[in-house]
Each structure stands twice: as structure tokens, then as C-alpha cells.
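S.K.: So in UniProt numbering, spot 720 of the sequence shown is number 720, and the numbers just go up one at a time.
Any given hint could be a false lead.
[Unchecked claim] Below 30 Å or equal to it, Euclidean Cα-Cα: the simulated BS3-like pairs (lysine-lysine) are: (1) K961 x K1086; (2) K112 x K319; (3) K606 x K549; (4) K1097 x K1156; (5) K559 x K533; (6) K1034 x K1005; (7) K533 x K170; (8) K1054 x K1178; (9) K348 x K533; (10) K1160 x K1005; (11) K425 x K253; (12) K1143 x K1164; (13) K687 x K713; (14) K210 x K416; (15) K1097 x K1160; (16) K578 x K549; (17) K1162 x K1097; (18) K1143 x K1160; (19) K813 x K1034; (20) K319 x K348; (21) K1034 x K1097; (22) K372 x K253; (23) K502 x K514; (24) K549 x K416; (25) K1160 x K1025; (26) K372 x K578; (27) K514 x K549; (28) K372 x K201; (29) K606 x K184; (30) K416 x K201; (31) K1162 x K1005; (32) K542 x K523; (33) K1054 x K1160; (34) K523 x K348; (35) K1034 x K1054; (36) K679 x K727.
If you're looking for bench data, these hints aren't it; they were derived computationally from the structure.
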Amino acid sequence: MLRDAALDTLAVIVQYHGAIHNVAMAVCNPQCQNGGYCSSPNYCQCSNAYTGPYCNQAVCDPPCLNGGTCASPKVCSCPSGQYNGSQCQTPICTPDCENGGTCVSPGKCACKQTFIGDRCQDPLCAHHSPCFPGNCSDTISCQCSDGFTGDTGLNRCKTLDSNNTPIITKATAFLANIERTGDKEELYRFMTDSSEPNSTKVDELWLSDKDYNYINADFTAMYVPEMEYELPDYVENYTLGIVKGRMRLDLHKVDRRDPNNPFISLNSSFYDCSNRPGSLAPNTSVYACNISNENFDRLLEDGDNLTLTVIAVNGGFRKLKTESSTVVDPFIGQTAEKSMMFRFDFRKPVHCRLDDVPCTSIAFNVTKDVTKSAIEFTWDGWDDVLSGIGKYQIEEFFLRVNPNNNRNLSEIELWKPLNIFTFDKSSRNYTRTPAEPGMYSYILNVVDRANNSQYARTLVLYDTQSSITTDDSSPMVATSAAEETSYTWQNNLTNPISVSWKSHFWNNFLERNKLLSPVSPYKYFNSDANFYKAVPDNLEDKDGMRTLKGITNAHGVVKFQYTFRHSNQGNNPPNDWKDPTDNFMSQTASFDAIRSNGDSLNVWVKAIDILGNEKIDMIKVYFDETPPDNLGEITFIKNIENSTLPFSSRLIVDTRDTDSGIYGIRYSFLSNNTGAVFKSDFIPGNKSNVALSLKEGYTDKMGDHFYYSQYLKVDNCWMVVSKDAFKDEFVNLELIVYNRAMVSTQMSYMITDLGSLNGIDEYSGPTNLHVETTYSNAVRLRWTVSPTCYERSRITVSGVSKDGKRFLRLVDKDSDHFDLNGLEAETTYNLSFVTEYGDQKSDPIFLTFHTIEAPAALTAGGIAGISTVMIFLLAIIIAGVIMWRTGRLSVAKQGIQRRMTVVRDRIQQQISARYVPYEDQDDIYLYGQMDVNKSDDWVIPHVCIVLESLFTSGKFADIYKIRYQPKKSDSGRNAFVAKVLKIGPYMVLEFCEVGQLNSWLQQQKNTANEETSEQLCRICYGICKGMLHLESRKLVHRRLAARNVLLTSELEPKIYGFCPQQQEAEGENKDDDGDAKEDKSRIPVKWTAPECLVTMKHATPKSDVWSFGVVLWEIFSFGEVPYPGTRSRDVQAYLRNGYRMDKPEFANDFYYNMIKQCWKMKPKQRPSFRDMTADIGKTFNSAPSDDFYYYSEKH
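Model the full structure from these sequences, guided by the hints.
M.R.: In C-alpha cells:
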């Protein structure tokens, strides 16, 4: 080879220099091969690809290694099974090295760091063969943690096993029917909440509704590894949790050909949750999923099964660290499922009583449906083929009379039982004691597992308290007896005996509550909820004593029996009770019994109610058909003295009846001429409580004692006749004597010589006529009214004075005194006193009297002094006008005004607080018989005024109590007070003794009684009439209040504190600048209408109406200040907010309604005083102006 190389080198060199000289052709044998040429004998010049003497040896460059031979140019032939490659440079390992191992020499592998073994077949625990979660004990062997599995490579510990599943913590679902159009309102839904959401057990739910078109599932799940796993160095981190959730629906239907083999209508339709965390971001907390099938369109039929399954899948990832990076390797998770099977049953439970041919089995019953003890219920025979019986319920209702349903008993609140008692499907009986007695309706609600219900009903009358009582206002009577004897005496011995006990026996509890009335069938329909509940007719209560039908009864009694025996046989009923043959509701019985005059019969009636309660009552029936005996003449004794009647006589009638006694005598006094009845009445029989002697009386067969003689006190005035018919008139006395059986005997008697009777034809005048009190201008006459049989029409008093003046006075016909007024002082009068009786008159009675001297009046000197003072006062006024014109008066004006206000207030307080005691002579001026000559001149002359006493004296005036001394032609008047200015003028006012109304009310508060209440109403009426007077004169008071009302001694109200409002002259209501002056007048806020709280200028009568309402409030609160606890400045806001004072304690509804009408915010809505006067006047029984007050129309 070295030689060949050298030659090759030489050849190259020669060729390179171009210095080859071909001297001769060399021959090589054998010949050169593979393109070589013979350069010298037997020497071949070879190409670069071959070598050897004949160029028969291939050349490999680079050379073959590891014992390989060059088989052809650049192709090495390597030792078999040891090396391969172009140069045989690659060792061969059989089998091959695994897991990235390198074959470094024949049969020898060089492994990566994380693999070992002859062929690197054994991985160590690393990223490519992770033992996580797990334990790699010897760097090779892997023990996966509990709940994980996987053997090789990346699958090692990658899969969560079947014991390592998610936990479903909640699983709910609902089926709904929701409108697809319009408002899309939800019509109804069925919802379930699994009690074992993490159980593989299928929840079986039965439904009775259909037409569901919306399905929703709502579930939560979670997965928490059992422990926190330790990370090996090849695992960077890991996360485990829930990776997804979904819902599956399956619908199975009943095969018509084979009901036991349902077929699939909807197979495994899946709906994924919108919350999809995935393996790379698992939910490590609570996974929530709410998923719906909003367009469920499958037909649901009886017997269908719709299974809804919620599915939760766990999983996660592990992040593995390789030599150069990290790799996310997802876990293979497990699923957890919870299935809810909705089974549909649209048929109600059945009972054979509902079959076309009903059975006799009792669906629902009680041992006793009318009972005083606990109620025992039983039920049986119920079945439900599809879903089965789920439970039984007994609903308890209290029955009452329904006024809207023909007075039947019914459950007033059909939807609201008193109690509901629930039993499992195996129960068949129950015992119940109701809370109170009454009529009960019990409804058995048989419920299958799909909540279909069928109802049966039983009725129970439960009553532990009631009993039968008797009503004394409707007693038992013998209707065959005489009504006048209260149906106790029968005056016929041959007619049957009839007894009636109508409305006598009562079971008040049954009757009052109508517990035996018919019961309405149970039917309930709620249109809003489209819910219908009814008891089928075949399952209504039609058995037993208490059914739907009413029970014939008489006030709660369902049966009557009677028996009788003679009274002398004892007072206990014999035991031979008989049923009346008459109609039950007539409550009567007729029978016959042997009896004679004077006999009595005991009759017993027994009443029985539906509960078996009994009540027995008895009456006695007496018999007598013979009339009383007439024992003698009638005795009439005239003119009895010492009688309680002014003119009296006595009637004596002797009679007897030994069988039944004397009941009484009907008497009549009749005119013999005309037949007119003067008097008719009844005398009771003269009965004694003790036994009488045979001379005085007798004892009848009943054992009662009677006198023979019957007495009547006769009033002679009964027989008064006219004066024309007096002489030839007689009186017929007709008598009818009754025994107690009302059998009668008639008697008569004539009374003649009526003139011999005291009081007849006597027209007497008064007696003891005398002068009780004498005055200078009047006297009081008093007399004794004489009794008379005639009606007085009037009394006349006539007289004549010494100078011949005559007068005539009319006196009330029933009066016993009279005040004769308008007389002259120191004058003698002769009186004639006559009592008139229609056309008849009494003899006149004469009386003479003399009046006393008149009190002294003012002298001429006094009058002259008063005139001088008036002139002086006029001068002062003129000076004041001059000062006002010059402006000098304005400085002192305010001070004077303040002093005047103080003086006026002081005077007012003194007058209102003074109490003037009552005097008898004051009554002279309280009657209206005076003949007053009205004068058009309102000025009272000085000579008519007599000053009696000084009340008080002020700076400008003195106030006196005066007596009005009129001119001779005038009649007397009331007492007065006069305010007399010191310079002479005076004002005469009526004297109101009691004072201000508010003070009087406060005094009466603690002594109020019924009379006070009447007085308050009269005062209200008087004030209203006074305000009506002002209203009719178009005057506005503006300050009406209780303090501005005075009371006379007769509590007649007098309104004061007002005057006509003068119209302001143009310009007077403006200041110097021409602007309107501010109205600074004092306003009594609590009494003033809202429209006048700013100014009183625009007040109207309707403003006074508001104040009148406040006055009424003051009256009935006995003088309390209005708006108690509220300051005057707050009243306006108080009223503006709609508040009004509450009803006073002593006001009735009439007056409080009137007060509220007065306080209407708008004046037009308030009543007028005319309307209120009329309304108050109607509340009195008689006209108040006639009976309580004297109103003189001439004032």
C-alpha cells in the first residue's frame, strides 16, 4: 500500500508538472481494472477510488473503522453485528438502546441520566416517567398515591382512579311551563333538591303535571385531594379540581305493546355547563353550574320517565421539569353523576266506590258521626297502580252557616282547614278529640307519590256541652183551654185535650249555630291558581246519622213524647211515653182523658235531641164547664169618705165558684140614654192567701181560697154627663163574672139620681185665694186648686182700681199662683176670680188689696247736676278734637289707650266675677203675661230708672244695679244694669246674674250630671239663635267665644262683645306715604277662622260659624282653653296640616259632627246659623223656647 501510495504521488506530481514523456506502452498482466492503466509492466496506475496491483482493490476515504473492509469505493463492509455506518464507526447494540440511550460499543449502551439498564430500558423516576403523585423508593420503582394509577412513562400516576371522584355537594332541578310568547310568564314549575346529591342512587320523583317545556339543573361540585403531595425535583407544581360539568337528559316512554318494556324517546342528550375551567385551570373551590334546556319540546305522557343527570369531572395537571424546559401534563380525571328521574303519573288514586258499579266498601268513615266522645276514623280500599299511595291526610274544617248558600252549613274558608293530620301509606285509622264542640267536616286526602289527590268526606257532630233547656217566654200550654186563663183551664169536658209546646224546648247550641241544617257539597275552585278541589259525589258522606241532608228538628230537638195522669195520682210521669200523631214540627199532641168539673191533669212532654239529651217539662190542665154562682144583690154605696179619690163610691158584688174559683169581673158603666160607655174595666177575683171562715169565703177544688165579696172603688167622675142631659140621665152597670175556666155569669145594676153623687154638677172655683206678696206696681196671688170632675179651660182675673180703671188677665188653667203687674203704687184694687169649664163657669171669688208706696227717684237737683257734668264733658271732647287737629294729642295717645285697656279689663273682671244672689221678687219679671205698650223711642227717661246699688266705679263711668220704673202706661220689665257716665248719659243693659259662660262651665265640671248635659244643649241652642239673629242683620261678631257669652239666672245665654264694623272712609286705611296700613288689631287666634288669622277686615258670618264650633268645643269640654298644649302662634300651621281638635269628653256624635262641619277649611262648606238652629231644635222633645226660656217677641 505504501508503494501504491508513492506511485500515486509520483503520478500526480508528473501530471501536475506536465512533464510526462510517453516513451513506450507498458503491459500489465493481469490487466488493470476499474479504470486503471498500466504505467509500467505489471504495474497499474489506479484511479483515486481503487488501489492494488491491478486496481482491483477499492479505496474508502475516510477509511473503514473497527475492522471494517472497503467493499467498494467509499463503502465499508463492517463486522457483522458489531458495527455499522459508512466507516463502521457506529457500534451495534442488540437490542437497541431504549429511552434515548447511546450504543457506545457492540452490545454496550451508554444511557441518559434518567435511565439505566443494558439497553437503557429502565427509566428512573423523572419527567419522562413521573412517579407523581406517588413514592419512588429506589429511584426506579414507583408506588402511586391512593386514588391515582398509571404504570409506564408519562402515564405513570396520571389517571385518577374510580375511588377518587368529585363530590357533588348540591343537585337541584326544576321543570317549568313558561309561555313562549307574550309576557313569557312562568305558569308553574316542579322543583326538586336532592337530599343525597353525592349518591349514585337515582332520585325517583313522581309528577302529576305535564306540558313542561323548560328544564333547568343547578348543581355544585368540588374536588379536594386527600392530601397535599410532596413535589419531587422534576415536578414544578400541580393543580387538581373540577374541570367541567354537564347535564344529560334521557326520556323513556311506555311501549303500548309491552308496558313493562319502555323504549327510548330521547337518548343521552348532553348540555355543557357554561363554566368550563378545563384541565389546565381546574376549579379548586366549589364549582357551580346552572344549565337549562329552554326549548324542551318532548310530549310527556302518563307513565313516562324523564331522567336528568348532572355530571362533574375532576382532573388537573402536573408541570414537569425536563432538562431544558417544563412540560404541562394533564391528569386523566373521573366523573361523578347524580341522576333524578322524573316519573309522570296523571291519574288520581282510586277506590272501588268510584267504579261504574260502586262497591260497599267504606272509603272514609267514623264510628259515630254524632258523638260526645273522641272521634274514631277508619279508611281502606285505596289504590294507585302507577306511582302508588304516598300518604293520607285528614283535613279538619269547622262548619258554619253560609249566608250566601241557602243557609246551608259549609266550610267558610274552603282553602284553610283548622288542622291537617298526615299519615303514612300503611295507616288505616285515627282518633281525634276536637278542640271545641260543633259541626265538623273531615276530608280524607289520599295522595299518591305523584301528588295526585282524591278526596273523601265524613261529617261529625261533636258536642260535649249542650243540653235541652226550656223557654219560659214560650211556655207549654193547653190550647184546648181558654186563652184568657193562660191556657190552663178548659171549660169543656167532652172535647179532646190539646197541648202545645211550640218553641218551648231548645237546644240553644244546636239551634243558634244551625248544626242540623243541610251541608253543602265540598267544591273549591281557585281561578287564579287554576286549582280545583272537590269531593266526588260517591265519596261524600251519605251514611250514618249526620249526612249532607239536614235533620228535621224543632230548635235542635229531633223527637218529642208525651204522657199524662190525673194530678191526684202523683207528680211523677208514668213510663208509658207516647209519640204524638200530629206533625212533628207542629209541636202539639191531642188526646182524651176522663175528667170532671174541678179536676186537673198533669201532662208531661219529653224532648230528645240528636245526641240523646232529654228534657221533661209538665203543665197542669184544669177543667170546669159550669158558671159561677150568683149569691145575692149588687150593693152600690155612694159617696165614700176618706177615699184616695176626691169623689168616690163603692161597688160590692157577692159571687162564688167552688170548682175553679172566681177569676174576675168585667164591669161597664153605660149611659142609659145613649149607650155610651163611661168606664169599662176588670176586677181580679178577691183571693186570700189563707183559709177563710165559711161566712167570709170558700176553698175551690184546686185548694185556693176566695172571698165571696168582690169590691170596686168607683170614681164618681166616671159618670159625668153634660149639663143638659143631667136631669134625665141614668147609668147602667153591667157585670160579667168569670170563673178561672172563663165560664161566666152576667149581672146588672142601675144607678139613678146622679146628682146625689159628689163631684157631679159641681163647678168649683179655687179656695184659699190670697195675696202672697205686694209691691208698688204688682202683687203675687196664690190659691189652692180645688178638685173637680170637669176639665178647666181657663182662669180669668178681672179688676178695677179706685179711679175706675178696669183690666182683665188670663191665667194658666193649672197654675196655683199669678203675678199681676202694671199696677199703680198706693192704690186699692178689687179683683174677681172666675174658673171656666168650657161653657160653664164657677161662681166668682172676690178679693181686695192695696199696693205699697213706690221707692224714691232722682230729684230735680240731681238731674241738674248730671246735666252740668254732661256740658263739662262736651267741652273736654271739643278740646280733644282741637288737640288732635294740631297733633298735640298723638304723643299721649298710646299711654291713654293702655290705661283705658287696663281700666276696661278691670271693670269687665269685676262685673263678670260678681255673683248676685237670687231673690224671690225677681220672678215677677220672668213671665210673659205683661201687657207692654211698645214705644218707638228707644230712649229711657230718667224718671223710669231707680238706682238700687252700685256695682263698681271706674274712671269714666259707674255701673249700677237698677230697677226699671216705667210710666203708668208701661208694664214691668226685667232687672237691669246701667253704665252711667259721670257727666250724665247712661246705657241700660239686661242684668246677667250668672256671669261669663266660660267661668260657669269651669264651676260645673266636677258636678256634671244628666241635668247639666241638658243645660249645655239648651245653651248651645240659645247661642246659635243669637248668632242667627246677627246673621239675619248682616252683622259679624268677629270675636265669638265662651268668654263673650253671659248667662242669666235662668241660664239663658246673651251674646256680647260685638258691634257693627264701620266702613273706613277712603284714605283712612293708608299711611302718610299712601301705602296700605298694617292691620295690627289683636286677633283671638284660637277662636278665629283660618281666613281671618291675618286680618279681621274681611270676616263674614261663615267666619263666625268657625268660632261657634270652637264655642261648642268649649261648652262640652267645660271651659277648657281650645287647642290645649298648643301655643297660639302654632295654631295656623296646626290647622293648615289638616289637624282638628279631638271630640270633647261630654259631646255626643251629633254635636261633634256639627263641630267638624263648622271647622271646614273652605267657608262655603260650613253650615249657616239658620241650618244649625233648625238641626239643634230637632233634637229636643219639645220646643225649647216654650219650655225653658221666655223669649219676648216685643223686645
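S.K.: Sort out which numbered hints this structure fails and list those numbers smallest first.
M.R.: 1, 5, 6, 7, 19, 20, 22, 28, 29, 30, 31
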